[in-house]
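Protein chains: 2
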Amino acid sequence: MDSMLAFLVAARRCEIHDLEQLARSCELVHAVSELVHRLQAERGASNLYLASAGASFGADRAARVESTAAAEAAVRAWLAQPEVCQTASAQAMPGGARLFTRVALALHALGGLPGLRETIAARRCGPAEATLQFSRVIAALLALVFEAADVAAEPAVSRLLVALFNLMQGKELAGQERASGAAAFAAGGTGSAGARGEQTLLHLIEAQEACFERFEAFCPPVVRASWEQARVRMPMAELERLRRKLIAAGQGAALEPALAEPWFACCSQRLEIMRETEAALADSLRAACAQRIAALRADPDDLQSLLQALAGLPESPAPLGALVGEAGGAVSNRPAGDEAAGSEPLGPRLTRSIVDVLQAQSLRLQAMSDELAAVRATLDERKLVERAKGVLMRHQGLAEDEAYRLLRQTAMNQGRRLVDVAQAVLAMAELLPRRA
Amino acid sequence: MDSMLAFLVAARRCEIHDLEQLARSCELVHAVSELVHRLQAERGASNLYLASAGASFGADRAARVESTAAAEAAVRAWLAQPEVCQTASAQAMPGGARLFTRVALALHALGGLPGLRETIAARRCGPAEATLQFSRVIAALLALVFEAADVAAEPAVSRLLVALFNLMQGKELAGQERASGAAAFAAGGTGSAGARGEQTLLHLIEAQEACFERFEAFCPPVVRASWEQARVRMPMAELERLRRKLIAAGQGAALEPALAEPWFACCSQRLEIMRETEAALADSLRAACAQRIAALRADPDDLQSLLQALAGLPESPAPLGALVGEAGGAVSNRPAGDEAAGSEPLGPRLTRSIVDVLQAQSLRLQAMSDELAAVRATLDERKLVERAKGVLMRHQGLAEDEAYRLLRQTAMNQGRRLVDVAQAVLAMAELLPRRA
Numbered sequence: 001m002d003s004m005l006a007f008l009v010a011a012r013r014c015e016i017h018d019l020e021q022l023a024r025s026c027e028l029v030h031a032v033s034e035l036v037h038r039l040q041a042e043r044g045a046s047n048l049y050l051a052s053a054g055a056s057f058g059a060d061r062a063a064r065v066e067s068t069a070a071a072e073a074a075v076r077a078w079l080a081q082p083e084v085c086q087t088a089s090a091q092a093m094p095g096g097a098r099l100f101t102r103v104a105l106a107l108h109a110l111g112g113l114p115g116l117r118e119t120i121a122a123r124r125c126g127p128a129e130a131t132l133q134f135s136r137v138i139a140a141l142l143a144l145v146f147e148a149a150d151v152a153a154e155p156a157v158s159r160l161l162v163a164l165f166n167l168m169q170g171k172e173l174a175g176q177e178r179a180s181g182a183a184a185f186a187a188g189g190t191g192s193a194g195a196r197g198e199q200t201l202l203h204l205i206e207a208q209e210a211c212f213e214r215f216e217a218f219c220p221p222v223v224r225a226s227w228e229q230a231r232v233r234m235p236m237a238e239l240e241r242l243r244r245k246l247i248a249a250g251q252g253a254a255l256e257p258a259l260a261e262p263w264f265a266c267c268s269q270r271l272e273i274m275r276e277t278e279a280a281l282a283d284s285l286r287a288a289c290a291q292r293i294a295a296l297r298a299d300p301d302d303l304q305s306l307l308q309a310l311a312g313l314p315e316s317p318a319p320l321g322a323l324v325g326e327a328g329g330a331v332s333n334r335p336a337g338d339e340a341a342g343s344e345p346l347g348p349r350l351t352r353s354i355v356d357v358l359q360a361q362s363l364r365l366q367a368m369s370d371e372l373a374a375v376r377a378t379l380d381e382r383k384l385v386e387r388a389k390g391v392l393m394r395h396q397g398l399a400e401d402e403a404y405r406l407l408r409q410t411a412m413n414q415g416r417r418l419v420d421v422a423q424a425v426l427a428m429a430e431l432l433p434r435r436a
Numbered sequence: 001m002d003s004m005l006a007f008l009v010a011a012r013r014c015e016i017h018d019l020e021q022l023a024r025s026c027e028l029v030h031a032v033s034e035l036v037h038r039l040q041a042e043r044g045a046s047n048l049y050l051a052s053a054g055a056s057f058g059a060d061r062a063a064r065v066e067s068t069a070a071a072e073a074a075v076r077a078w079l080a081q082p083e084v085c086q087t088a089s090a091q092a093m094p095g096g097a098r099l100f101t102r103v104a105l106a107l108h109a110l111g112g113l114p115g116l117r118e119t120i121a122a123r124r125c126g127p128a129e130a131t132l133q134f135s136r137v138i139a140a141l142l143a144l145v146f147e148a149a150d151v152a153a154e155p156a157v158s159r160l161l162v163a164l165f166n167l168m169q170g171k172e173l174a175g176q177e178r179a180s181g182a183a184a185f186a187a188g189g190t191g192s193a194g195a196r197g198e199q200t201l202l203h204l205i206e207a208q209e210a211c212f213e214r215f216e217a218f219c220p221p222v223v224r225a226s227w228e229q230a231r232v233r234m235p236m237a238e239l240e241r242l243r244r245k246l247i248a249a250g251q252g253a254a255l256e257p258a259l260a261e262p263w264f265a266c267c268s269q270r271l272e273i274m275r276e277t278e279a280a281l282a283d284s285l286r287a288a289c290a291q292r293i294a295a296l297r298a299d300p301d302d303l304q305s306l307l308q309a310l311a312g313l314p315e316s317p318a319p320l321g322a323l324v325g326e327a328g329g330a331v332s333n334r335p336a337g338d339e340a341a342g343s344e345p346l347g348p349r350l351t352r353s354i355v356d357v358l359q360a361q362s363l364r365l366q367a368m369s370d371e372l373a374a375v376r377a378t379l380d381e382r383k384l385v386e387r388a389k390g391v392l393m394r395h396q397g398l399a400e401d402e403a404y405r406l407l408r409q410t411a412m413n414q415g416r417r418l419v420d421v422a423q424a425v426l427a428m429a430e431l432l433p434r435r436a
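Protein chains in written order, with my numbering: chain A, 1 to 436; chain B, 1 to 436.
Treat the hints with caution; some may be incorrect.
Residues on chain B that point at chain A, a partial pick, calculated with CB under 8 Å [said to hold, decoys possible]:
1. M4
2. R13
3. D18
4. R76
5. L79
6. A88
7. A104
8. L107
9. A290
10. Q291
11. S362
12. D370
13. L372
With a Cα cut of at most 16 Å, we get these calculated EDC-like pairs of lysine to aspartate or glutamate [claimed, not checked]:
14. K383(B) <-> E371(A)
15. K245(B) <-> D283(B)
16. K383(A) <-> E371(B)
17. K383(A) <-> D370(B)
18. K245(A) <-> E198(A)
19. K383(B) <-> E198(A)
In case anyone wonders, no lab produced these hints; they're calculated from the structure. C-beta atoms are modelled at their ideal positions from N, C-alpha and C, and glycine is treated no differently.
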């Protein structure tokens, strides 16, 4: 009976440990979402600066650089805390291997920013190249958020992370649309890119919508309501009018360079409105972690009164943490020999109570695990599609958006789900030689 | 660059920590598989003892009890080690909350054995009741093995655990078939159970085959080969002949009580042959853990030579463990301000090396995560079918095998997969009131 109780308490300790570690990664995600937003603004200002050949937006760009640097410093300071990756407990972070690898890759990407800024300041690159470089840094940060969602083991928090990741990804595609459109207007047409530029734009629009759909599916009602209100304020009529001109340009029509600025302003306004929801979601992520930890400390299966009864304590509201918070505490795990076989040294009433708590805890954990599997299925689908895209890019030499379009077109032609086509591509890929 | 390296090393430490914890749960699974096998033998001997009204198998039963008790003591001694659930590191066991809860439930089930044995010795219950009680204990132990498979995060080990779980489950169904058939022969017919007994038998046979198919799909080639050889030695002609008689009895034919003993002997021979493969698989599980840990210590992405280069050490074969084995070791994580923006204090060659290691590690972890998702899909399907069965049992008042048959029949009638029907049942269940 003693050892049964020891494992019951150890299970609860594991649950608390995992939630505390999850709360940590959510703090990081919060800081990263701010950094991504500022990087997007810096990318925009850098593009305008480069497009105007340095004539305007210099001061705006400088302000953006400073703002990004502050957000980056916040992320780095958070990461530099010893308890993040240097303590023994941090080495036991669930999914830590994957998460920390993503952090290192993101730090590597961030390390390239000072060089990029020098290049931009000296105008030694064009807007397209600058966009590409900024987008790579942002992609590394988004991959970190995705990983955090994928390793999270608490369904409520996991849902929020999936919602946040999809909103961030959709917003990033909107940011890329802004950059690509601004370049096209500034150049007076899609130029040599022609239909290719039109396809890129269509892909960015379509992929955004897919992200927002997934975001809406996973987002809590209160954030969903504020998102609906935010959408109404977005300048969609103006955006669609300008999008139409860009698409017509892909078919040969000329573009008025004067429209570059209204396009940029209208896209930016939309991004800022998205950021409101994104920030609300990042806040609710923190709140959800705090709430889950509080719920666990509030003792869902009534472990505390059981432990009090065992200790012969009065039923005073001692915090559960005091009883189960530290390893190797009050509950001993005597070797099996100590237990008279079949006897119930605690009496049948307490034995019954332990079994009740145990069964409640087991059902609760099982329900959580089932719910989590459902949330993760979405992430698994995304992983499959991303990997299938990678295969097509490698084997067929396609660009990312071309690869995505090929998958989607095949799915439509064959009346199959995108994820099934992706799976077929991956199965086929194992039979094909890899391009060097 | 410093902090990037710190996270790279922390990721490796997490990987090692997780593998070591996984090796622990595999040790437990190894001990549990032995205990389950002995419980099955004790259940068989207890049945024969009860069926002969205590006239025979008394000595055999006593020997089985002793043998089971030794295996149980081994499991309990293993669990009583302080590092299993009482250290801070154990509290950080991946999936620990679920695994430890299952351990506690299994300990509770084992706690009922002494009472059950007293009841059997005094012949205060019949074979059916004894079978049911033993089967419950075995089910709690199998649930522990299933959980270990479900929380394992290393695909090679996870595949072996899935294979072992299915083999154990199939063998347990074969053990239940032995008990149910022995009771029917001893009683001279299925009696009042009639067609119900026949259905139970058909269900046990069919469910066994499904388990062995999944086992074969996940089992490594070497174990698969020894399984094929083992199957040849199984007395299948005799078993099928006796099964035929049992099924005919369900349709009203009488059974010769004298066949109880050949039936039991033939089923037992089959179980013992299965146990050979099961033991081989449990051994290969231990070997696989050791091999994965060795592979990780052998430094797949060449982190060690990188760390040596950074430390200015000669390229002597210092063990990676010495460099990354303990938290807060050689690699410091200086705050961001220490790094001159954009400079590469380590020189471009070393920076490049860090990025190479990082990317290799990232690809490796991603491939592992993808492979794992594929293995887990099988487990998720099983969970869905189990939950759907539970819903049908609650809502329709069906027995377990009836619920399974209803699911299977519906799938066949509608030409859908079993798992899709299970999903439909679960979706429907949310709309229905729950029986008290």
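These are the hints, each one checked on the structure:
Because the closest C-beta pair between M4(B) and chain A is about 4 Å apart, less than 8 Å, the hint holds. Because the smallest distance between the Cβ of R13(B) and any Cβ of chain A comes to about 4 Å, under 8 Å, the interface hint for this residue holds. Given hint, D18(B) at the interface with chain A, holds; its Cβ is 7 Å from that chain's nearest Cβ, closer than 8 Å. Below 8 Å, beta-carbon pairs count as interface contacts, and R76(B) has one with chain A at about 3 Å; its hint therefore holds.
The criterion of a C-beta within 8 Å of any C-beta in chain A is met by L79(B), whose closest approach is roughly 6 Å, and the hint holds. The restraint placing A88(B) at the interface with chain A holds, with a minimum CB-CB distance near 4 Å, inside the 8 Å limit. Given the 8 Å rule on beta carbons, the hint for A104(B) holds: about 4 Å separates it from the nearest Cβ of chain A. The beta carbon of L107(B) is positioned within 8 Å of a beta carbon in chain A (closest approach about 4 Å), and the interface hint is therefore held.
At a threshold of 8 Å, the smallest CB-CB gap from A290(B) to chain A is about 19 Å, leaving the interface hint violated. A cut of 8 Å between beta carbons decides the hint on Q291(B): the least distance to chain A is about 18 Å, and the hint is violated. The criterion of a C-beta within 8 Å of any C-beta in chain A is met by S362(B), whose closest approach is roughly 5 Å, and the hint holds. Annotation: interface hint on D370(B) holds; nearest CB of chain A at approximately 7 Å, less than 8 Å.
Interface restraint check for L372(B): the shortest CB-CB distance to chain A comes to about 10 Å, outside 8 Å, so the restraint is violated. This hinted pair checks out: K383(B) and E371(A) have alpha carbons roughly 12 Å apart, not beyond 16 Å. Taking the CA atoms of K245(B) and D283(B), the gap is about 38 Å. The hint is violated against a cut of 16 Å. With a C-alpha separation of about 12 Å, the suggested pair K383(A) and E371(B) falls inside the 16 Å cut-off, and the hint holds.
Restraint check: the Cα-Cα separation between K383(A) and D370(B) comes to about 8 Å, which is no more than 16 Å; the hinted pair holds. At most 16 Å may separate the alpha-carbon atoms for a hinted pair to count; K245(A) and E198(A) meet this at roughly 10 Å. Only pairs whose Cα atoms come within 16 Å are accepted, and K383(B) paired with E198(A) is rejected, the gap being roughly 46 Å.
Violated hints for the displayed structure, listed by number in ascending order: 9, 10, 13, 15, 19.
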